[in-house]
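For chain B, the structure is supplied; the task is to place chain P on it using the hints.
2 protein chains.
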Amino acid sequence: MLLDARDLDQRAAYRLMIGSIVPRAIAWVSTLSADGTVNLAPFSFFTGITSSPPSLVFSAIRRSGAHKDTRANVEATGEFVVNVVGEGVAEAMNQTSEELPPDVDELAHAGLTPLSSARVRPPRVAESPIQMECRLDRLVEVGQGPGAATLVIGEILAWHIRDDLYDPERARIRVDRLQAVGRLAGDWYTRTRDQFELTRPNPTYQGR
Amino acid sequence: MLLDARDLDQRAAYRLMIGSIVPRAIAWVSTLSADGTVNLAPFSFFTGITSSPPSLVFSAIRRSGAHKDTRANVEATGEFVVNVVGEGVAEAMNQTSEELPPDVDELAHAGLTPLSSARVRPPRVAESPIQMECRLDRLVEVGQGPGAATLVIGEILAWHIRDDLYDPERARIRVDRLQAVGRLAGDWYTRTRDQFELTRPNPTYQGR
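Protein chains in written order, with the numbering used here: chain B, 6 to 213; chain P, 6 to 213.
Just chain B, same shape as in the assembly (with noise of 0.2 Å):
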């Protein structure tokens, strides 16, 4: 069946999005606001760009108008880490997407650890396998009116890997104990443990 955006309000189009555009990583992101107080919440709407510099980029919808805490942080402070969701934090993580006045730390409010970080200000969730530290390369607005978004486009400085989860000898996350959670439409998650291998046919020299 053909479905023309001409023909959907936004609601229905951001139901599409969520239900074509899936698996979806989680970023987790703490940031600081101007005045020091934590914020926490998760985006979905999250993925890579390059490592050269390793750089990463998450949008931040505007709600009913107005920016979100991450938003506003992020461009006061240029600094935010990307905490990994494993399924040990799934349930935190769905707490703190609840909104909460600016002044609430959502890190404590969710009875999360803050940890200090090597090179930015924003404190790093203890609770989560990997964390990022990232710094603000730049904002690229996207849209119209009230649900227009903001790309926040990061450069990562550094990263934090449970120990358990890295290979020394292959240098490289092991994603099979990692036990990501993705995000789908609505409420879903899936888990990633049914894993499986295809070998490329031309391999490049990314990542290889």
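There may be inaccurate statements among the hints.
SDA-like cross-link-like pairs, simulated, lysine to any residue; straight-line CA separation at most 20 Å [unchecked claim]:
no.: 1; chain 1: B; residue 1: Lys-73; chain 2: B; residue 2: Asp-142
no.: 2; chain 1: B; residue 1: Lys-73; chain 2: P; residue 2: Pro-206
no.: 3; chain 1: B; residue 1: Lys-73; chain 2: B; residue 2: Gly-41
no.: 4; chain 1: B; residue 1: Lys-73; chain 2: P; residue 2: Arg-179
no.: 5; chain 1: B; residue 1: Lys-73; chain 2: B; residue 2: Ser-121
no.: 6; chain 1: B; residue 1: Lys-73; chain 2: B; residue 2: Asp-110
These are computed hints drawn from the structure, not numbers from a lab.
Since we're looking at a predicted model, the values are computed, not measured.
Below, chain P without anything else, positioned relative to chain B:
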């Protein structure tokens, strides 16, 4: 453990990125060259941006400094189709990751069936369960050197959805039936059948 990006070369950083940003949705992108040759290639640095208007983004990383055919075609024609990768087309998708000369029809080469699109010129892949027709919004250059990338930002003009995957009552995609495939690190992929639900503490308007 802490890994500082200043101590990592481009390949090492890439390995960490593809192991940390998981699972990733796959954009299997069909384009036409200026002279009409079909190109088809998978990109897993891919996500949504906003539904106002419906917009998505994927990152095309240069290979040894050269632009990929997809990026050149999108720039030349302003159009592309994102085909969703279900389990049934995972092997075919993997075949199209091979680098072939720009004059080879990669859709035919992989034994796939082209279908005309409704609003753009590049064909859709019939075997793909969902196809999104897109018009180029803009290209954003990120990074430096031979591994620099281009963010390809597109507006979704139309969805084609396999009938059994659409729930007309709730106007949504049946992700429980989609069997989408997610990208992990190296040659590894995840199925998305192992799903679970988390009820949001404070639902927003979006997609609900």
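For this session: Given the hint that Lys-73(B) pairs with Pro-206(P), test it: the Cα-Cα distance must not exceed 20 Å.
Result: 17 Å, holds
Exercise. Within a Cα-Cα threshold of 20 Å, do Lys-73(B) and Ser-121(B) meet the stated pairing?
Worked result: 24 Å, violated
For this session: Decide if the proposed pair is consistent with the structure: Lys-73(B) and Asp-142(B), CA atoms, cutoff 20 Å inclusive.
Result: 18 Å, holds
Exercise. Lys-73(B) and Asp-110(B): Cα distance at most 20 Å?
Worked result: The given pair, whose Cα atoms are some 15 Å apart, holds under the 20 Å limit.
Problem set entry | Holds or violated: Lys-73(B) to Arg-179(P), with C-alpha atoms at most 20 Å apart | 29 Å, violated
For this session: Take a quick look at whether Lys-73(B) and Gly-41(B) sit within 20 Å of each other, Cα to Cα.
Result: 16 Å, holds
The earlier numbered hints that this structure contradicts are 4, 5.
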